[in-house]
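Enquirer: This is what each chain is made of:
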Amino acid sequence: MEGWVIEFHLDGRSGVSPYLQLVHQVRHALRLGLLREGDQLPTVKDVVARLAINPNTVLKAYRELEHEGLAAARPGVGTFVTRTLTDASLAAHAPLRRELQRWLARARQAGLDDESIEALFTTTFRTASEEDIA
Amino acid sequence: MTAVLQARGLGKRYGRRWALRDCTIDIPAGHVVGLVGPNGAGKTTLLKLAGGQLAPTSGSVAVLGGPAGGPAQLAKVGFVAQDTPVYAGLSVADHLRLGARLNRGWDAALARNRIGQLGLDLSHRAGNLSGGQRAQLALTLGLAKRPELLILDEPVASLDPLARREFLQGLMEAVAEHELSVVLSSHLVADLERTCDYLIVLVDSRVRVAGQIENLLATHHRLTGPRRDPGRLPADQHVVSARHTDRQSTFVVRTEAPIHDPAWTVSGLSLEDLVLAYMEKPAAARPLLEVQQ
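Going down the list, the protein sequences come from chains A and B. If you're matching positions, the first sequence starts at 1 in the numbering used here and goes up one per residue. If you're matching positions, the second sequence starts at 1 in the numbering used here and goes up one per residue.
It is possible that part of the hints are untrue.
Derived CB-CB ranges, DEER-like [unchecked claim]:
hint, chain 1, residue 1, chain 2, residue 2, range
1, B, Asp204, A, His9, 36 to 42 Å
2, A, His93, B, Gly127, 34 to 40 Å
3, A, His9, B, Asp26, 32 to 38 Å
4, B, Pro226, A, Ala91, 56 to 62 Å
DSBU-like cross-link-like pairs, simulated, lysine-lysine; straight-line CA separation at most 30 Å [unchecked claim]:
hint, chain 1, residue 1, chain 2, residue 2
5, B, Lys76, A, Lys60
6, A, Lys45, A, Lys60
7, A, Lys45, B, Lys76
Please keep in mind that the hints were generated in silico from the structure rather than gathered at the bench. Beta carbons are placed, not taken as given, at the ideal position from N, Cα and C, and that holds for glycine.
Full structure from sequences and hints, please.
Expert: Take a look at the structure:
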């Protein structure tokens, strides 16, 4: 798939259906700014030739992206990104990452291992999200 | 839409043994169909009946809207037999010439391009090719015929993982490009999981289940809970497999309706679990396994 902006991969053990994995990967790339409005997604033929998956899986993923308003098919040409998911927040990524790195360093100094750091982050994240909803 | 493969009470008997019996299926066009089952279940027999290489003992089989084996059908159906056979003494070029002679709709450009992409030397004798290359040559012959339906019998069983992946990549690329329907058999679910969107499970000469994989996964559930007699499950829950301990029952059921019974812990199945559930003998026939649980 040389020449394409992104390359898909599949995790056979994730339990997530293959078409959803493709959808997630496009959304992820949109959020990180890897994919931008106007970019062409790999053609169905290229995706199946690389991943050895059923063409209908790719078609279904692209239909889902169209349904979400993230992509549009141009008959005979391919499927193109029609929206970006980064907006203004992309500019904030770099300073936030620096803060997070400093925080991680402090956590390690305090003696937390990877698993504890992840657990602390996940529970805090979840509590904060729940408070937002409430 | 015309069915690519339609069988009505189809059966084939060799002497006194039925290799396939009472097979009724209806497969719409545009699918990649996986035919899965243990060795000796009747997969090859079903494929050969569909390819017109065998005549049924009972019932009927039609492909692409006409009886299997008729001249119109033979022209529209490609068949890659078990272990992707090629002529060891003939060169790659000989195989392409032979294909062009024997098939009216032969796509010489497609054949040449594929051989080029694969990096095969036209002057090489097929007997000197690797297993993966032989399989790719057989696939090329099957595709260059430009069939509407391509039947492949255990095409990747004897290949190493890389050759297996490359073969399936080529096959899926052709499906995307030429919109052909495919039926392929395998005794390994892993080969079928990514490539197929329709599944037929064949066990002991009988079709146990057939349908679109997405639909099969959505309608099969594993129920775990206090021990219960299968007869006391709701009538719309078809029991596929049942296991019991003194206190606990585990069922795999097929149902269109949601399961509300609070006694059950309900979970989904992977494709492999689903196929294995159909391959299991009825629980009553396996008392030893029950004790082991």
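Enquirer: Take the hints in turn and mark each one as holding or not.
Expert: Going through the hints against the structure:
In this structure the supplied range 36 to 42 Å holds for aspartate 204/B paired with histidine 9/A, their Cβ-Cβ distance being about 39 Å. A hinted range of 34 to 40 Å for the beta carbons of histidine 93/A and glycine 127/B is inconsistent with their spacing of about 59 Å. The given range of 32 to 38 Å is respected by histidine 9/A and aspartate 26/B, whose C-beta atoms sit roughly 35 Å from each other. Between proline 226/B and alanine 91/A the CB atoms are about 58 Å apart, so this pair conforms to the stated range of 56 to 62 Å.
Using a Cα cut-off of 30 Å, the hinted pair lysine 76/B and lysine 60/A holds, with the two alpha carbons roughly 28 Å apart. At roughly 14 Å between alpha-carbon atoms, lysine 45/A and lysine 60/A fall within 30 Å of each other, so this suggested pair holds. A hinted pair counts as satisfied when its Cα atoms are at most 30 Å apart, and lysine 45/A with lysine 76/B qualifies at roughly 23 Å.
When the structure is compared with the earlier hints, a violation turns up for hint 2 alone.
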